[in-house]
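Those protein sequence lines, which keep their order, are chains A and B.
Per our numbering, the very first residue in the first sequence carries number 1; after that it's consecutive.
Per our numbering, the very first residue in the second sequence carries number 1; after that it's consecutive.
Some clues are possibly wrong.
The list cannot tell twin chains apart, which means a pair is met if one copy fits it or any two copies do.
[Said to hold, decoys possible] Calculated lysine to aspartate or glutamate pairs in the EDC-like style (CA-CA distance at most 20 Å, straight line):
no.: 1; residue 1: K416; residue 2: E441
no.: 2; residue 1: K37; residue 2: D92
no.: 3; residue 1: K416; residue 2: E243
no.: 4; residue 1: K227; residue 2: E184
no.: 5; residue 1: K227; residue 2: E252
Treat the hints as calculated values from the structure; they're not laboratory data.
Keep in mind that this is a model prediction, so the values were computed, not measured.
There are 2 protein chains.
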Amino acid sequence: MISDTILRKLEAELDAGGVDTSDAALDERRHDYWVLKHLRNWRGEKIERPGVVVRPKNTAQVQAIVRVAAEGGIPLVPFGLGSGVCGGIEPDESCILVDLSTMNRVREIDETNLVASFDAGCNGLEAEEAVAERGLTIGHWPQSIAVSSVGGWVSTRAAGQFSTGYGNIEDMVYAIEVVLPNGELVTLGKAPRAAAGPDLRHLVMGAEGTMGIVSGVTLSLRRQAEKRAFTAFHTPTLAAGFEAQRQIVQNEWLPPVMRQYDVRESQRNFQPFHADDQGLLLMMHEGPASRVDAELEAVEGLASKAGLARGSDEAGPHWMERRNHVPTWTDLLEQNLIVDTIEVSAPWTRIEGVYDDVCESVLALDPIRLVSAHSSHVYRTGLNLYFTFVALHEDSAEMEGTYREVWRRTLEATAKNGGGIAHHHGVGRLRKNELHHDLGENGLALLRTLKGAIDPQGLMNPGNLIPDA
Amino acid sequence: MISDTILRKLEAELDAGGVDTSDAALDERRHDYWVLKHLRNWRGEKIERPGVVVRPKNTAQVQAIVRVAAEGGIPLVPFGLGSGVCGGIEPDESCILVDLSTMNRVREIDETNLVASFDAGCNGLEAEEAVAERGLTIGHWPQSIAVSSVGGWVSTRAAGQFSTGYGNIEDMVYAIEVVLPNGELVTLGKAPRAAAGPDLRHLVMGAEGTMGIVSGVTLSLRRQAEKRAFTAFHTPTLAAGFEAQRQIVQNEWLPPVMRQYDVRESQRNFQPFHADDQGLLLMMHEGPASRVDAELEAVEGLASKAGLARGSDEAGPHWMERRNHVPTWTDLLEQNLIVDTIEVSAPWTRIEGVYDDVCESVLALDPIRLVSAHSSHVYRTGLNLYFTFVALHEDSAEMEGTYREVWRRTLEATAKNGGGIAHHHGVGRLRKNELHHDLGENGLALLRTLKGAIDPQGLMNPGNLIPDA
Numbered sequence: 001m002i003s004d005t006i007l008r009k010l011e012a013e014l015d016a017g018g019v020d021t022s023d024a025a026l027d028e029r030r031h032d033y034w035v036l037k038h039l040r041n042w043r044g045e046k047i048e049r050p051g052v053v054v055r056p057k058n059t060a061q062v063q064a065i066v067r068v069a070a071e072g073g074i075p076l077v078p079f080g081l082g083s084g085v086c087g088g089i090e091p092d093e094s095c096i097l098v099d100l101s102t103m104n105r106v107r108e109i110d111e112t113n114l115v116a117s118f119d120a121g122c123n124g125l126e127a128e129e130a131v132a133e134r135g136l137t138i139g140h141w142p143q144s145i146a147v148s149s150v151g152g153w154v155s156t157r158a159a160g161q162f163s164t165g166y167g168n169i170e171d172m173v174y175a176i177e178v179v180l181p182n183g184e185l186v187t188l189g190k191a192p193r194a195a196a197g198p199d200l201r202h203l204v205m206g207a208e209g210t211m212g213i214v215s216g217v218t219l220s221l222r223r224q225a226e227k228r229a230f231t232a233f234h235t236p237t238l239a240a241g242f243e244a245q246r247q248i249v250q251n252e253w254l255p256p257v258m259r260q261y262d263v264r265e266s267q268r269n270f271q272p273f274h275a276d277d278q279g280l281l282l283m284m285h286e287g288p289a290s291r292v293d294a295e296l297e298a299v300e301g302l303a304s305k306a307g308l309a310r311g312s313d314e315a316g317p318h319w320m321e322r323r324n325h326v327p328t329w330t331d332l333l334e335q336n337l338i339v340d341t342i343e344v345s346a347p348w349t350r351i352e353g354v355y356d357d358v359c360e361s362v363l364a365l366d367p368i369r370l371v372s373a374h375s376s377h378v379y380r381t382g383l384n385l386y387f388t389f390v391a392l393h394e395d396s397a398e399m400e401g402t403y404r405e406v407w408r409r410t411l412e413a414t415a416k417n418g419g420g421i422a423h424h425h426g427v428g429r430l431r432k433n434e435l436h437h438d439l440g441e442n443g444l445a446l447l448r449t450l451k452g453a454i455d456p457q458g459l460m461n462p463g464n465l466i467p468d469a
Numbered sequence: 001m002i003s004d005t006i007l008r009k010l011e012a013e014l015d016a017g018g019v020d021t022s023d024a025a026l027d028e029r030r031h032d033y034w035v036l037k038h039l040r041n042w043r044g045e046k047i048e049r050p051g052v053v054v055r056p057k058n059t060a061q062v063q064a065i066v067r068v069a070a071e072g073g074i075p076l077v078p079f080g081l082g083s084g085v086c087g088g089i090e091p092d093e094s095c096i097l098v099d100l101s102t103m104n105r106v107r108e109i110d111e112t113n114l115v116a117s118f119d120a121g122c123n124g125l126e127a128e129e130a131v132a133e134r135g136l137t138i139g140h141w142p143q144s145i146a147v148s149s150v151g152g153w154v155s156t157r158a159a160g161q162f163s164t165g166y167g168n169i170e171d172m173v174y175a176i177e178v179v180l181p182n183g184e185l186v187t188l189g190k191a192p193r194a195a196a197g198p199d200l201r202h203l204v205m206g207a208e209g210t211m212g213i214v215s216g217v218t219l220s221l222r223r224q225a226e227k228r229a230f231t232a233f234h235t236p237t238l239a240a241g242f243e244a245q246r247q248i249v250q251n252e253w254l255p256p257v258m259r260q261y262d263v264r265e266s267q268r269n270f271q272p273f274h275a276d277d278q279g280l281l282l283m284m285h286e287g288p289a290s291r292v293d294a295e296l297e298a299v300e301g302l303a304s305k306a307g308l309a310r311g312s313d314e315a316g317p318h319w320m321e322r323r324n325h326v327p328t329w330t331d332l333l334e335q336n337l338i339v340d341t342i343e344v345s346a347p348w349t350r351i352e353g354v355y356d357d358v359c360e361s362v363l364a365l366d367p368i369r370l371v372s373a374h375s376s377h378v379y380r381t382g383l384n385l386y387f388t389f390v391a392l393h394e395d396s397a398e399m400e401g402t403y404r405e406v407w408r409r410t411l412e413a414t415a416k417n418g419g420g421i422a423h424h425h426g427v428g429r430l431r432k433n434e435l436h437h438d439l440g441e442n443g444l445a446l447l448r449t450l451k452g453a454i455d456p457q458g459l460m461n462p463g464n465l466i467p468d469a
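Please take these sequences and the hints and turn them into a complete structure.
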């Protein structure tokens with residue numbers, strides 16, 4: 001419970017309505033998009049609520065909230081637009097939930113220097129549309145773009161669908177404004193590039209609210225491309241598809257979108273364009289027209305050399321139109337299905353091992369009806385896999401156990417094959433006990449040391465990301 | 001003085017010859033390439049020597065050294081190949097100098113995943129040549145490549161001459177192996193890309209030895225390009241040149257090399273190719289032949305539109321051949337000249353202000369004979385400037401004062417114009433009292449908090465990088 005004294009202190013700092021203890025507000029902010037919470041909710045189980053929801057309107061108010069919390073020793077849970085899927089927030093009545101959705105301005109767009117600044121709670125699609133009006137693009141297109149915030153992108157180290165050409169959020173962040181646990185404001189990132197000590201922006205990116213509250217973000221922009229084109233190829237085997245992908249990026253071609261679907265996903269998502277027993281490699285090419293033309297010719301040759309037959313150019317636009325449509329968790333639960341996606345990554349030589357071992361170990365679970373995967377983020381050194389699993393349980397009480405076991409098996413099979421256990425959804429509570437695979441025990445100890453130094457009271461999003469020693 | 005007890009402990013951990021207190025060794029490792037130390041040396045002034053030089057042969061020996069130092073409360077100064085120019089090391093007799101030049105193996109080259117691992121002390125050119133034998137390249141070409149180490153690149157956040165297309169060292173680092181101040185080893189970076197908490201590689205990159213000792217580095221590689229071509233253009237004004245540079249990169253063309261020289265540097269360095277009263281914009285284009293051809297055509301059009309006339313294609317090869325040749329400091333001192341370079345960066349809209357204000361404020365100093373600049377690292381959001389200054393003093397005792405004043409004026413004029421005070425040489429002792437311009441006082445406080453947590457005894461390269469509170 002948050003005391004009346006604290007509530008009054010918060011009220012003194014915020015605008016009218018900025019401190020909300022109504023049932024509607026507390027209910028609405030109990031959880032984000034993590035399926036386990038939706039499952040519990042659907043089953044009528046209790047989900048803890050925050051003690052209070054506060055809605056800052058500007059950075060000074062975020063600082064004031066953090067100071068009140070620091071003085072009172074009260075945990076803070078930052079909340080962007082609630083699209084997280086890994087249990088990054090888990091408020092209870094001891095917490096102040098800092099709802100950043102009311103801090104949503106586009107601060108500035110600089111067309112000459114190609115940077116734009118946003119409040120942390122600015123909706124991603126609104127941010128993109130604001131720069132698009134000037135002929136520019138952020139180039140960051142997560143599937144969640146319409147329901148995620150710019151600050152959330154930074155806090156979770158997000159990746160977008162155009163990442164193969166345009167990079168991930170860390171390649172776009174110019175500066176981050178963050179309120180530290182002591183209430184001090186720091187703006188990290190000043191120059192186009194610097195060798196001015198460690199790049200402290202990276203302490204905040206991916207910290208998922210554990211190191212402070214991101215209040216503003218400046219992103220670098222791009223001009224909208226002169227030409228866009230799509231290609232698609234049928235992949236006789238995953239291995240052939242991986243080989244084509246590798247040859248394309250290692251030959252320095254960078255289609256913003258490059259996605260290989262396994263046979264199951266090709267059949268499920270690309271029915272009009274699917275070829276029997278084949279997967280699908282889909283690309284979107286974008287840039288100056290002459291470079292796109294050169295890329296199209298090169299990609300055709302490299303794909304052919306890897307044994308891929310050309311598919312329909314319409315597969316790309318088909319995907320573009322439908323790419324952000326997802327069924328609601330409840331629709332699936334009503335069908336006795338629990339479904340989730342798990343994104344991991346690995347070097348080229350290990351990625352087939354990850355795919356095979358994950359599929360085998362997960363399919364061995366009786367309630368599993370389907371495991372499939374596609375790759376959607378490609379690097380010179382390797383690529384990601386994005387698994388989807390579907391489990392069927394007549395008794396929904398059994399769903400959580402299966403769900404956790406699928407996650408555990410997937411991450412452990414990935415780690416066993418030398419892969420990284422988290423490509424872009426972050427860690428939250430779902431991956432934190434597997435984080436040692438990526439960081440090692442000494443890396444975890446280092447992370448705890450940093451956390452203890454920056455947040456000695458342990459008030460910033462406690463319980464998230466960092467496993468106990 | 002390092003006690004005999006400590007020396008014996010170190011000897012027990014290292015190979016024969018690994019603990020060296022000879023005059024030759026101590027003299028050789030008194031300083032790096034910072035001109036101020038060369039000046040003092042040339043003037044016959046005393047330069048402090050380390051208490052002992054230790055030469056680990058492998059990572060376990062680095063850990064052993066760090067543990068001995070930690071137990072004894074003895075400062076450690078890491079030393080790569082000594083190409084630093086900002087005062088990043090300043091050993092005295094209380095210190096153990098950890099000479100990494102004997103830890104110089106190429107550990108592994110993986111041609112499929114395009115990564116290679118090196119001991120931290122591996123010579124940069126030897127690293128590049130090792131991968132070149134396989135048709136690959138690191139793509140990192142600092143002027144110091146033949147005299148700098150792979151670990152040094154990471155510790156200083158280095159940039160190479162091909163950075164406009166291939167990125168800076170942070171874009172190439174796949175993993176960093178670092179011995180923490182408590183002697184524990186941590187390997188940061190496992191996957192092609194991760195959202196597994198804060199990216200801790202960035203705590204080490206640019207830390208200049210203050211957070212631990214980098215013992216190994218894994219870099220991502222590229223295939224050698226199919227085609228290389230050069231272009232050169234005369235720039236009637238710096239502004240016209242900047243406009244051409246901006247249009248080229250903001251239109252998504254990425255020549256690895258893009259350098260604009262002001263009139264003074266064009267005249268000085270490109271005599272056969274210089275046009276009266278004009279600067280020079282020089283580019284190297286590299287990649288798949290068809291993409292290079294498209295880039296050449298586009299660049300010609302964009303440069304022409306910005307008012308630039310085509311220069312000789314031979315200017316590029318002329319630069320390539322001579323690019324890493326620098327006179328020795330002593331040659332210049334013998335002519336009563338003290339010379340240095342200062343690299344800063346700024347957004348496009350502020351870069352002319354930086355150039356003008358730096359030139360004006362530095363030229364106002366009586367002993368200054370020349371200030372000139374070129375830009376050599378270009379980004380969508382802005383670019384760097386690389387100033388050269390020459391001061392003449394009959395009495396060499398006056399050189400240091402002028403030198404420090406030039407640095408102060410340059411960094412302050414840069415900061416006043418919204419620029420970043422350190423593009424890629426790092427901070428050392430030369431910039432640390434100006435670091436507040438980039439980080440702000442709160443950013444400095446954060447950096448001190450991190451340092452205090454990771455290195456509570458303050459033994460790692462003390463006095464470097466982080467200004468006192």
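Checked hints:
1. For a Cα distance limit of 20 Å, the shortest separation of K416 from E441 inside one copy, 16 Å, qualifies, whereas the shortest one across copies, 44 Å, does not.
2. In this assembly of identical chains, K37 and D92 lie within 20 Å of each other by CA distance solely inside one copy; the values are 13 Å within and 59 Å between copies.
3. Within a single copy, K416 and E243 get their C-alpha atoms no closer than 22 Å, and across copies no closer than 51 Å, so neither meets the 20 Å cut-off.
4. In the homo-oligomer, the alpha carbons of K227 and E184 never lie at most 20 Å apart, since the shortest distance is 45 Å inside one protomer and 51 Å across protomers.
5. Taking CA atoms no more than 20 Å apart as the test, K227 paired with E252 passes in both settings, with 19 Å inside one copy and 12 Å between copies.
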